[in-house]
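Chains as they are written, first to last, in the numbering used here: chain A, 1 to 332; chain B, 1 to 125.
Everything labelled a hint here was simulated from the structure, so no lab data went into it.
Computed from a predicted structure; not experimentally measured.
Treat the hints with care, as some may be off.
Here are the computed lysine to any residue pairs in the SDA-like style, where the Cα-Cα straight-line distance is at most 20 Å [to be verified]: (1) A:Lys69 to B:Ala30; (2) A:Lys69 to B:Lys39; (3) B:Lys35 to A:Ala242; (4) B:Lys43 to A:Arg83; (5) A:Lys79 to B:Glu56; (6) A:Lys69 to B:Trp47; (7) B:Lys61 to A:Gly226; (8) B:Lys43 to B:Gly26; (9) A:Lys69 to A:Gly227; (10) B:Lys43 to A:Glu70; (11) B:Lys118 to A:Gln305; (12) B:Lys37 to B:Gly26; (13) A:Lys312 to B:Ala120; (14) B:Lys61 to B:Val124; (15) B:Lys125 to B:Leu108; (16) B:Lys92 to A:Leu323; (17) B:Lys43 to A:Phe238; (18) B:Lys37 to A:Gly76; (19) A:Lys69 to B:Leu34; (20) B:Lys92 to A:Val113; (21) B:Lys43 to A:Ile72; (22) A:Lys65 to A:Glu245; (23) B:Lys35 to A:Gly183; (24) A:Lys65 to A:Ser26; (25) B:Lys125 to B:Val64; (26) B:Lys37 to A:Glu70; (27) A:Lys65 to A:Arg50; (28) A:Lys69 to B:Phe25; (29) B:Lys61 to A:Tyr303; (30) A:Lys65 to B:Ala30; (31) A:Lys79 to B:Ala120; (32) A:Lys37 to A:Trp298; (33) A:Lys65 to B:Pro36; (34) B:Lys35 to A:Leu66; (35) B:Lys35 to A:Asp62; (36) A:Lys79 to B:Val64; (37) A:Lys312 to B:Glu79; (38) A:Lys37 to A:Val56.
Here is how the chains run, residue by residue.
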Amino acid sequence: MIEFVLGNALIMILIKSFIAVGIVFSLPLPFTWIERKIAGHIQVRPGPMRVGFHGVLQPFADGLKLFLKEDIIPDGADKFLFRVAPYLTLIPYIAIFVAIPVAGNAYLSDMNVGVLYVLAIGGLSIYGIILGGWASNSKYALLGGLRAAAQMISYEVAMGFAVIGVIMMAQSLNMREIVEAQGGGILSWNIMPHKQLIGFYIFLVAGFAESNRIPFDIPEGEGELGGGFHTEYSGMRFSLFAMAEYAAMFSICAIGTVLYLGGWHAPHPALDVIPGFIWFIIKVVCFVYIFMWVRFSWPRYRYDQLMALGWKFLIPLGVANVLVTGLFIMLW
Amino acid sequence: MPEVNVFQDYLPVMIVMGITAMFAFGAVVAGVILKPKNKYPEKLGPWECGIEPEGEADAGKFTVQFYIIAVLFVIFDVETLFLFPWAVVLDKIGMFAFIEMVLFIAILLVGFFYAWAKGALEWVK
Numbered sequence: 001m002i003e004f005v006l007g008n009a010l011i012m013i014l015i016k017s018f019i020a021v022g023i024v025f026s027l028p029l030p031f032t033w034i035e036r037k038i039a040g041h042i043q044v045r046p047g048p049m050r051v052g053f054h055g056v057l058q059p060f061a062d063g064l065k066l067f068l069k070e071d072i073i074p075d076g077a078d079k080f081l082f083r084v085a086p087y088l089t090l091i092p093y094i095a096i097f098v099a100i101p102v103a104g105n106a107y108l109s110d111m112n113v114g115v116l117y118v119l120a121i122g123g124l125s126i127y128g129i130i131l132g133g134w135a136s137n138s139k140y141a142l143l144g145g146l147r148a149a150a151q152m153i154s155y156e157v158a159m160g161f162a163v164i165g166v167i168m169m170a171q172s173l174n175m176r177e178i179v180e181a182q183g184g185g186i187l188s189w190n191i192m193p194h195k196q197l198i199g200f201y202i203f204l205v206a207g208f209a210e211s212n213r214i215p216f217d218i219p220e221g222e223g224e225l226g227g228g229f230h231t232e233y234s235g236m237r238f239s240l241f242a243m244a245e246y247a248a249m250f251s252i253c254a255i256g257t258v259l260y261l262g263g264w265h266a267p268h269p270a271l272d273v274i275p276g277f278i279w280f281i282i283k284v285v286c287f288v289y290i291f292m293w294v295r296f297s298w299p300r301y302r303y304d305q306l307m308a309l310g311w312k313f314l315i316p317l318g319v320a321n322v323l324v325t326g327l328f329i330m331l332w
Numbered sequence: 001m002p003e004v005n006v007f008q009d010y011l012p013v014m015i016v017m018g019i020t021a022m023f024a025f026g027a028v029v030a031g032v033i034l035k036p037k038n039k040y041p042e043k044l045g046p047w048e049c050g051i052e053p054e055g056e057a058d059a060g061k062f063t064v065q066f067y068i069i070a071v072l073f074v075i076f077d078v079e080t081l082f083l084f085p086w087a088v089v090l091d092k093i094g095m096f097a098f099i100e101m102v103l104f105i106a107i108l109l110v111g112f113f114y115a116w117a118k119g120a121l122e123w124v125k
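Isolated chain A (complex conformation) (with noise of 0.2 Å):
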């Protein structure tokens, strides 16, 4: 253990973090722009055009208004946790990449309970959601607080039954063994109707829900809450909160594609020319394209709709698939 500390091993894990962070952290910049183009272009209209060429500067411009924002705490907020807040939530979601593996031979730590650590660290991002929202003293930030909470909790739920249907195909929790699970083409990955069609929706949909996305962004509703949790933050702490629900978003679609699109796999075998890494970022990518385009077709859900959506469909549906795999697997 002492030579590893010692040993070039820490210097390339350093390494390796830094450039997955840095990944994550500049991710932003360019997805905020494509997703006002997709929202503007969906909706027939050019989305932002002024800032360089087609906008492509509009982050950029976004990013330094946000530097330039004051920085208010409200009086009546528990300066402590409004502060500590935004770190909650974003760290859990950076740290779950820690476990994706990008191909066969790239991630951070390739360890035995992978999809156990994903789950369990996502579910870590709750707290600094609620907490933000309670420590503002502010009605509407506590509303979406409490609502973020026990939408994220409920889904979870779900998405726990949905996975397991995953692990009981490749009968590990190592992300990587369950990427290796699916190789050679299309047909053995577990989207498949004869694999996990049911368990991708499932985790689709509760996807959503967890990172609070339309259809399911009720906790940040503008028409209702103003805002939602993050109703009192401005500024710097308000864009790690955004960087969150960013990191949220592509967290999910890593996941599923480690899960449901054959990781870093070719469609086809005769496509394994093209290096593995650049199949990850295309479903990935696509993934993403998915959530955007979700956001822009769909109305608002109202709460109860979705409460009910989750405890009294998903969750049903997850443990009728986990029950139909296993007598898959038994009687094969």
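Guided by the hints, dock chain B onto chain A, whose structure is given.
For chain B alone, coordinates are given in the frame of chain A:
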């Protein structure tokens, strides 16, 4: 059993968390240095669409349904935790484990449908 090196597996988690905290803290500090400082009571009060804030945002004045959901979550999340090790070794221990888990899930489903029938999942009463 493959050898598990906890140190090698989980050190990257600490490092990534540390780097993220550093980046985030740096951004906030830079914002604090660059920001304008112009505070007045209206700005520091809770935001309520520009109307005078009315009363306190008391933690406690929200529907009891949130507590019920939290209690149900504890039960079902623990249940899924029991399913994880079972799912990994199901192939090896066979039919016995499968039937046992069917019984376990059946008992939990009784509780689930009881909660459902009692209206614990209803938000509009």
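- Task: Starting from Lys61 (chain B), check that the Cα of Val124 (chain B) is at most 20 Å away, please.
- Result: holds (17 Å)
- Restraint check for Lys37 (chain A) with Val56 (chain A), where alpha carbons must lie at most 20 Å apart: Cα-Cα ~10 Å, so holds.
- Task: Compare the distance between the alpha carbons of Lys43 (chain B) and Phe238 (chain A) with 20 Å, and conclude whether the hinted pair is satisfied.
- Result: Given pair Lys43 (chain B), Phe238 (chain A) holds - Cα atoms ~16 Å apart, limit 20 Å.
- Query: If you draw a straight line from the CA of Lys65 (chain A) to the CA of Pro36 (chain B), is it 20 Å or shorter?
  - Reply: holds (12 Å)
- Item | Straight-line alpha-carbon gap Lys35 (chain B) to Gly183 (chain A), limit 20 Å | Violated, at about 52 Å.
- Given hint Glu70 (chain A) paired with Lys43 (chain B) - CA-CA distance at most 20 Å: Within the cut-off at roughly 11 Å; holds.
- Query: Within a Cα-Cα threshold of 20 Å, do Lys69 (chain A) and Trp47 (chain B) meet the stated pairing?
  - Reply: holds (17 Å)
- Query: Is Lys65 (chain A) close enough to Arg50 (chain A), meaning Cα to Cα at most 20 Å?
  - Reply: holds (16 Å)
- Does the structure keep Lys79 (chain A) and Glu56 (chain B) at a Cα separation of 20 Å or less? holds (17 Å)
- Does Gly76 (chain A) lie within 20 Å of Lys37 (chain B) when you go C-alpha to C-alpha? Since the Cα atoms of Lys37 (chain B) and Gly76 (chain A) sit roughly 18 Å apart, the hinted pair holds (cutoff 20 Å).
- Agreement of Lys69 (chain A) and Gly227 (chain A) with the hint, judged by alpha carbon distance not exceeding 20 Å: Given pair Lys69 (chain A), Gly227 (chain A) holds - Cα atoms ~17 Å apart, limit 20 Å.
- Message: Hint check: Lys43 (chain B) vs Ile72 (chain A), CA-CA at most 20 Å. Holds or violated?
- Response: Cα-Cα ~8 Å, so holds.
Violation of the numbered hints given earlier is confined to hints 8, 15, 23, 31, 36; the remaining hints are satisfied by the structure.
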